[in-house]
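S.K.: Spelled out, the chains give:
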Amino acid sequence: MRDVAIVSFTQAPNVRDAGAMNEVEILMPLVAEALEKSTLTLQEIGFTCSGSSDYLAGAPFSFVMAIDALGAWPPISESHVEMDGAWALYEAWVKLQHGAVDSALVYGFGKSSSGEIRDVLALQLDPYYVAPLWPDSVSLAALQARALLESSAYSEKDMAEVAARNRRNARSNPKAQLSGDFDSAALLAEPYLVSPLRKHDCPPITDGAAVVVLAADDLARRISKRPAWIRGIDHRIEPHSLGVRDLTRSPSTELAAEKAGVARGPLDLAELHAPFTHQELILRDALGLKHGVDINPSGGALAANPIMAAGLARIGEAATRISGGLANRAVAHATSGPCLQQNLVCVLEGE
Amino acid sequence: MASPPEQLLSASYALEYTYTRSVGPVIGRFLTGLRERRIEGIVGSDGKVIVPPTEYDPVTGETLEDFVEVGPAGVVTTWAWVSEPRRGQPLDRPFAWALIRLDGADTALLHALDAGDESRVSTGMRVTARWREETTGHIRDLACFEPEGA
Amino acid sequence: MGELCGVVGIGQTKYAAKRGDLSIAGLVREAALRALEDADLEWKDVDAVVIGKAPDMFEGVMMPELYLADALGAVGKPMLRVHTAGSVGGSTSVVAASLIQAGIHDRVLTVSFEKQSDSNAMWALSSKQPFSPHINAGAGGYFAPLIRTYIRRSKAPDHIGMLVALKDRLNALKNPYAHLHLEDISLQKVESSPMLWAPIRYLESCPSSDGACAMVLAREALAKDAPRPPAWVLGTAMRTEPTMFAGREEVNPQAGKDCAADVFSQAGITNPREQIDVAEIYVPFSWFEPMWMENLGFAAEGEGWKMTDEGETALEGDMPINASGGVLSSNPIGASGMIRFAEAALQVRGLAGEHQIDGARTALGHAYGGGSQYISMWVVSSERP
Amino acid sequence: MDNPIEEIQTPIRLDYRYTAGGATARFLRGLKEGRILGQRCPSCQKVIVPARGACARCGVATKEEIELPDRGTVTTFCVVHIPVPGSAVKPPFVCATIKLDGADIGLFHLVSEIPPDEVRPGMRVKAQWKPREEWDCTLENIRYFTPTGEPDVELEGSAHA
Chain A
1 MRDVAIVSFT QAPNVRDAGA MNEVEILMPL VAEALEKSTL TLQEIGFTCS GSSDYLAGAP
61 FSFVMAIDAL GAWPPISESH VEMDGAWALY EAWVKLQHGA VDSALVYGFG KSSSGEIRDV
121 LALQLDPYYV APLWPDSVSL AALQARALLE SSAYSEKDMA EVAARNRRNA RSNPKAQLSG
181 DFDSAALLAE PYLVSPLRKH DCPPITDGAA VVVLAADDLA RRISKRPAWI RGIDHRIEPH
241 SLGVRDLTRS PSTELAAEKA GVARGPLDLA ELHAPFTHQE LILRDALGLK HGVDINPSGG
301 ALAANPIMAA GLARIGEAAT RISGGLANRA VAHATSGPCL QQNLVCVLEG E
Chain B
1 MASPPEQLLS ASYALEYTYT RSVGPVIGRF LTGLRERRIE GIVGSDGKVI VPPTEYDPVT
61 GETLEDFVEV GPAGVVTTWA WVSEPRRGQP LDRPFAWALI RLDGADTALL HALDAGDESR
121 VSTGMRVTAR WREETTGHIR DLACFEPEGA
Chain C
1 MGELCGVVGI GQTKYAAKRG DLSIAGLVRE AALRALEDAD LEWKDVDAVV IGKAPDMFEG
61 VMMPELYLAD ALGAVGKPML RVHTAGSVGG STSVVAASLI QAGIHDRVLT VSFEKQSDSN
121 AMWALSSKQP FSPHINAGAG GYFAPLIRTY IRRSKAPDHI GMLVALKDRL NALKNPYAHL
181 HLEDISLQKV ESSPMLWAPI RYLESCPSSD GACAMVLARE ALAKDAPRPP AWVLGTAMRT
241 EPTMFAGREE VNPQAGKDCA ADVFSQAGIT NPREQIDVAE IYVPFSWFEP MWMENLGFAA
301 EGEGWKMTDE GETALEGDMP INASGGVLSS NPIGASGMIR FAEAALQVRG LAGEHQIDGA
361 RTALGHAYGG GSQYISMWVV SSERP
Chain D
1 MDNPIEEIQT PIRLDYRYTA GGATARFLRG LKEGRILGQR CPSCQKVIVP ARGACARCGV
61 ATKEEIELPD RGTVTTFCVV HIPVPGSAVK PPFVCATIKL DGADIGLFHL VSEIPPDEVR
121 PGMRVKAQWK PREEWDCTLE NIRYFTPTGE PDVELEGSAH A
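Residue numbers (my numbering), protein chains in the order written: chain A, 1 to 351; chain B, 1 to 150; chain C, 1 to 385; chain D, 1 to 161.
A portion of the hints provided could be inaccurate.
The following label-pair restraints were derived from C-beta to C-beta distances [as the list claims (entries may be wrong)]:
(1) C:S265 with D:G102: 20 to 30 Å
(2) D:Q45 with A:R222: 27 to 37 Å
(3) C:E354 with D:T148: 51 to 61 Å
(4) C:S265 with D:D152: 52 to 62 Å
(5) A:S155 with C:K44: 19 to 29 Å
(6) C:W123 with A:S152: 26 to 36 Å
Distance condition first, Cα-Cα at most 20 Å in a straight line; then the derived DMTMM-like pairs of lysine to aspartate or glutamate [unchecked claim]:
(7) C:K155 with D:E156
(8) C:K44 with B:E62
(9) C:K128 with D:E140
(10) C:K18 with D:E7
(11) D:K90 with D:D117
(12) C:K155 with D:E118
(13) C:K155 with D:E6
(14) C:K155 with D:E154
(15) A:K199 with B:E118
(16) A:K259 with C:D47
(17) A:K259 with C:D258
(18) C:K128 with A:E33
(19) C:K44 with B:E118
(20) C:K128 with D:E6
(21) A:K259 with C:E183
(22) A:K199 with B:E62
(23) C:K18 with D:E118
(24) D:K46 with C:E249
(25) D:K63 with A:E25
(26) C:K44 with B:D46
(27) D:K63 with A:E33
(28) C:K128 with A:D246
(29) C:K155 with D:D136
(30) C:K128 with B:E16
(31) B:K48 with A:D119
(32) C:K306 with A:E190
Simulated from the structure, these hints should not be mistaken for laboratory data. Treat the numbers as computed from the prediction; the structure is a model and nothing was measured. Every residue gets a Cβ at the ideal spot worked out from N, C-alpha and C, and that includes glycine.
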């Protein structure tokens, strides 16, 4: 495998409603900033790939307009996935492995404020058997949470502690949407939203975007004093029907972690794309995270969940800490689909 | 169009369409069964009975075609209590979403459970199908499930 | 640099206005199973799945790869979903090939589809957002003015578009998968068909189809031992430019020229007209054949129509274009690009059946999308480099 | 089984709220006052209309506002012969790309009060506005463009531009 690193990361302030800012207006300054940090111009970038969703935007071809934020002239080598930007990063990483290009620009973006996101996500479900019942995303997560609570030693208190820690961590993240000091006992006194989930177990609704620049080999070393090298990256998918899956585990994360080599060395930190508190518990187990691993120093998806950018942001957050010398080895994770159906795992290291 | 405050110019709109979905032989047979108030599953490549039936094995992708009748009663494997139903959901009063393993099935079906109150729902409880008055061959022919003996 | 990638299996559905006999999963499986069968492989032999389609609003399923994971045997495997507007079938093939070329996987299944009959194409493709351009005249409303400019600049005679429409429908009669089988097609029928977006007539436009296309790609060591001859991928390229900016050349877009230059250079092609034996080009409206001939460098600017006029792009011509009948004969949008790529591969494999071009060794697959701004291409050959 | 189920209807309705970007909002507000606002790109100096807050070619924000006249030249067009869903305009009608005087990019709009077969590239046109009291934040304030009677203009450059 060719050495490929993350050399630049920016993200938009994560907000409940970006208001009058459209996707181009959100992305344009971010792309400029990410490129400036990388010292590359768009024309020097070998490949560009983005992730977004038409249903999130409520319009077909929503990614086409986003090209306007780049200055794609002369024309650029470019692709798009209808997935979280983390998978766009994967496609770009593959392109760099092929070896024809040395750098890539990757971005993910979405405004969840535009629609009723809990209902929009119901359209991800089987269109014959399930979507016509309109089960919303929080209800599906609640089914998973109860399955976990009733089959493991985890309690609602453990879930509240996940929420409290993530939002405490988010205090040092100026881009976070939700942060602060929460007492898990006080959180447990709150009513259920969809039992067994309370509001704090669920992600905020977020508008946002994230941008990453990848570079290979010597170019990465020239750009960054301490590139965050991608030592392994893999993603796997599970069956779609919730009634077929064991919702209390994440076998696709386990498999992706094995392929990405998570266990090949000690980890300093993990950035997990766990929109719901119980999903962090499932992912911790799936990744075999030991005591002492700093989980979601950014606050994770419970502090800001810009759908289509949140997974990419996890990779960017982990990389930033490696480049900043705060960690030597990290795992970043992204998820897609109902109840963690599809998962991506990325292992990052300093020199 | 709503008149906006200074700076912001926004308006609501609906993405609305009634899709006509051809269903193919397997889903078609299941829905035809529902119309006749019968629930059928399909036998997977490992012998397990999958409900609702898929045209393919969920793990191996192999084509499937052996049907067996299941239910109409079964067991709740997990559930979530909804105190505020949303538009389009099967019930407009508080209900539980439940994964239900029907008798004779090895996988669970997602549907609504009309139990009246959260305290009456538990994992492992027995439930049975409640049919819509008029069945047409649609997943919503199952109006919802209800506690057995209710 | 990188692994060599071979196309070892190709599967297509019968294209039709409505495949009322199939679910969405059934549709993609019909193509995927045929591709596996062609490659003499089973689901378990596939390492990863790359799927592509155009806007999710066609089927009203958000990110349908999630629902289709089991149907495509992807459980426990990596699965990617590509969407680059109308070029997506091409881009999906390019992404799938890159997984082989980068040495990441041994075998990749790639599938693209559209089940347009679940909704309505004009509805699914138009923006419902407030404040968006108030005049929505459909895809033809966007492309017809470009065609008019092409005709004005090139001084092409009016019948060129009709010739393309006739040729592609005649070719489709030799392709059992094609949607349109117009047995009694004639120049007169094309000419007397109603104007939709003048200068585009009804029979100069693509249909709206249900359909799926699939390919199995494999690395060199596996492809050379495949049961049927592989098509070797000599080059792949994608280019994008913005939809609207001052001075944009939309009739002969730079993205297309750059993409062609890139893919030909990878494939060692210096004279495409001489070295490419057959091409499958994305032509949703007949006039795009001469326009793309110029964009791809098969003809000088302003001269593309002469190739059509002189019969050079016909089956028996020296530069056959869309021997399969093309997009004008089958158009499940999300799959249309991959069909071009797959038909190019079928030609060099010698497996194109009745529309086989004798001795085809090197072929081009081409797709475009958006406002002629997303371009993808590959060059495939029967000869292993 | 008699009469097996072959298809189902699944109604889908999702409600969204769309917020126009800053520059688009200013453009639409301008229309409500009968003004057509473009923007000049600080990099390539081209004038873009409708104002979109960005030059797609240069990838930079555009801020300098330019008010454009409501007359220009048809660069290309098509005659639409099929009814357009949700549109009150009856076919056949002419959709044209119109380069307003002083703009470097075309605006898509209707051309009327002339037989479709007499419309031609290079033709000079001006906006026909609806009565002022009907104006809102929309390009539909302009009912359509009509010929000015000025001599045609020699065209060069791109198709929609």
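S.K.: For each hint, tell me whether it holds in the structure or not.
M.R.: Results for each hint:
{"no.": "1", "hint": "C:S265 with D:G102: 20 to 30 Å", "verdict": "violated (41 Å)"}
{"no.": "2", "hint": "D:Q45 with A:R222: 27 to 37 Å", "verdict": "holds (34 Å)"}
{"no.": "3", "hint": "C:E354 with D:T148: 51 to 61 Å", "verdict": "holds (56 Å)"}
{"no.": "4", "hint": "C:S265 with D:D152: 52 to 62 Å", "verdict": "violated (43 Å)"}
{"no.": "5", "hint": "A:S155 with C:K44: 19 to 29 Å", "verdict": "violated (40 Å)"}
{"no.": "6", "hint": "C:W123 with A:S152: 26 to 36 Å", "verdict": "violated (47 Å)"}
{"no.": "7", "hint": "C:K155 with D:E156", "verdict": "holds (14 Å)"}
{"no.": "8", "hint": "C:K44 with B:E62", "verdict": "holds (10 Å)"}
{"no.": "9", "hint": "C:K128 with D:E140", "verdict": "holds (16 Å)"}
{"no.": "10", "hint": "C:K18 with D:E7", "verdict": "holds (12 Å)"}
{"no.": "11", "hint": "D:K90 with D:D117", "verdict": "holds (16 Å)"}
{"no.": "12", "hint": "C:K155 with D:E118", "verdict": "holds (18 Å)"}
{"no.": "13", "hint": "C:K155 with D:E6", "verdict": "violated (51 Å)"}
{"no.": "14", "hint": "C:K155 with D:E154", "verdict": "holds (16 Å)"}
{"no.": "15", "hint": "A:K199 with B:E118", "verdict": "holds (18 Å)"}
{"no.": "16", "hint": "A:K259 with C:D47", "verdict": "holds (13 Å)"}
{"no.": "17", "hint": "A:K259 with C:D258", "verdict": "violated (37 Å)"}
{"no.": "18", "hint": "C:K128 with A:E33", "verdict": "violated (32 Å)"}
{"no.": "19", "hint": "C:K44 with B:E118", "verdict": "violated (44 Å)"}
{"no.": "20", "hint": "C:K128 with D:E6", "verdict": "violated (30 Å)"}
{"no.": "21", "hint": "A:K259 with C:E183", "verdict": "violated (54 Å)"}
{"no.": "22", "hint": "A:K199 with B:E62", "verdict": "violated (41 Å)"}
{"no.": "23", "hint": "C:K18 with D:E118", "verdict": "violated (40 Å)"}
{"no.": "24", "hint": "D:K46 with C:E249", "verdict": "holds (15 Å)"}
{"no.": "25", "hint": "D:K63 with A:E25", "verdict": "holds (12 Å)"}
{"no.": "26", "hint": "C:K44 with B:D46", "verdict": "holds (15 Å)"}
{"no.": "27", "hint": "D:K63 with A:E33", "verdict": "holds (19 Å)"}
{"no.": "28", "hint": "C:K128 with A:D246", "verdict": "violated (39 Å)"}
{"no.": "29", "hint": "C:K155 with D:D136", "verdict": "violated (42 Å)"}
{"no.": "30", "hint": "C:K128 with B:E16", "verdict": "holds (9 Å)"}
{"no.": "31", "hint": "B:K48 with A:D119", "verdict": "violated (32 Å)"}
{"no.": "32", "hint": "C:K306 with A:E190", "verdict": "violated (76 Å)"}
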